[in-house]
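Undergrad: Quick note on numbering: the sequence shown equals residues 796 to 1048 in this note's numbering.
Any given hint might turn out to be false.
Below, simulated DMTMM-like cross-link-like pairs (lysine to aspartate or glutamate); rule was C-alpha separation at most 25 Å, straight line [stated by the list, open to error]:
id : residue 1 : residue 2
1  : Lys846    : Glu877
2  : Lys846    : Glu992
3  : Lys846    : Asp990
In case anyone wonders, no lab produced these hints; they're calculated from the structure.
Model, not experiment: these values are computed from the prediction.
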Amino acid sequence: MPYDALADRTAVITGAASGMGAATARLLAAQGVRVALLARRAERLEELAAKITADGGHALAVAADVTDQASVDAAADLIHREFGRVDLVVNAAGVMLPNPLDAGRADEWQRMLDTNVSGALRVIRAFTADLVAAAAEGRTADLVNISSIGAHITFPNYAVYGATKAALTYLSASLRTELGPRDVRVTNIEPGLTDSELAGHVDNAELSGRLDGMFEALGGLSCDEVADLIAYTTSRARHVNLRQLVVLPTRQA
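Could you put the whole structure together from the sequences, leaning on the hints where they help?
TA: What follows is the structure, given as structure tokens:
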């Protein structure tokens, strides 16, 4: 589906090296959006940027780690130098590391908190002024946070992951009270089972097998389908905010 209203916008997409972030970058670029690709894996970003450019789009590969404030600040400086002000931010970076709570995996807890919550906050901090300024000029301005159905549906052994996503969902709702009156839209998207690299992060063989079984029984969304939802949401008239979107495979619903 074409989304002509997106043309000439400038987006920052975190987690752009794979999954929903990469799919969103490809789709937005195809609609005429200048896309800044932000993730840790520089080689993957360069490959994606080259593909987008070859297809006639405009992409900037920015190797950065959202768990590090200095890295995010340096990335923002580079994006501003190359692309100027940003009017669309997609927080797609995330990790999912399920384990029983009594396994005591504090390393996994910290990684999820640093990426899923603090990482999103660092990116929001870096680009909120851009979004507010763009909206003040009468342009469309969007912040899109990719949360999870796990934010409010509980799954055994996913307690910490779900808590980080619940925090992101709450953050999105609260930010609307601050940014909405300034015409910046905040959208929170909660996908269900999605075929992405998240499942590959799981280092518990039993839980990994269960997840595979869920995909076999229920099917899963593709990353391109989530990207299409993001493009639809951000291409609406600027006074229309699709604030909370839950998207699930039909059998999971």
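Undergrad: If you check each hint against the structure, which ones fail?
TA: As far as the earlier hints go, not one is violated by this structure.
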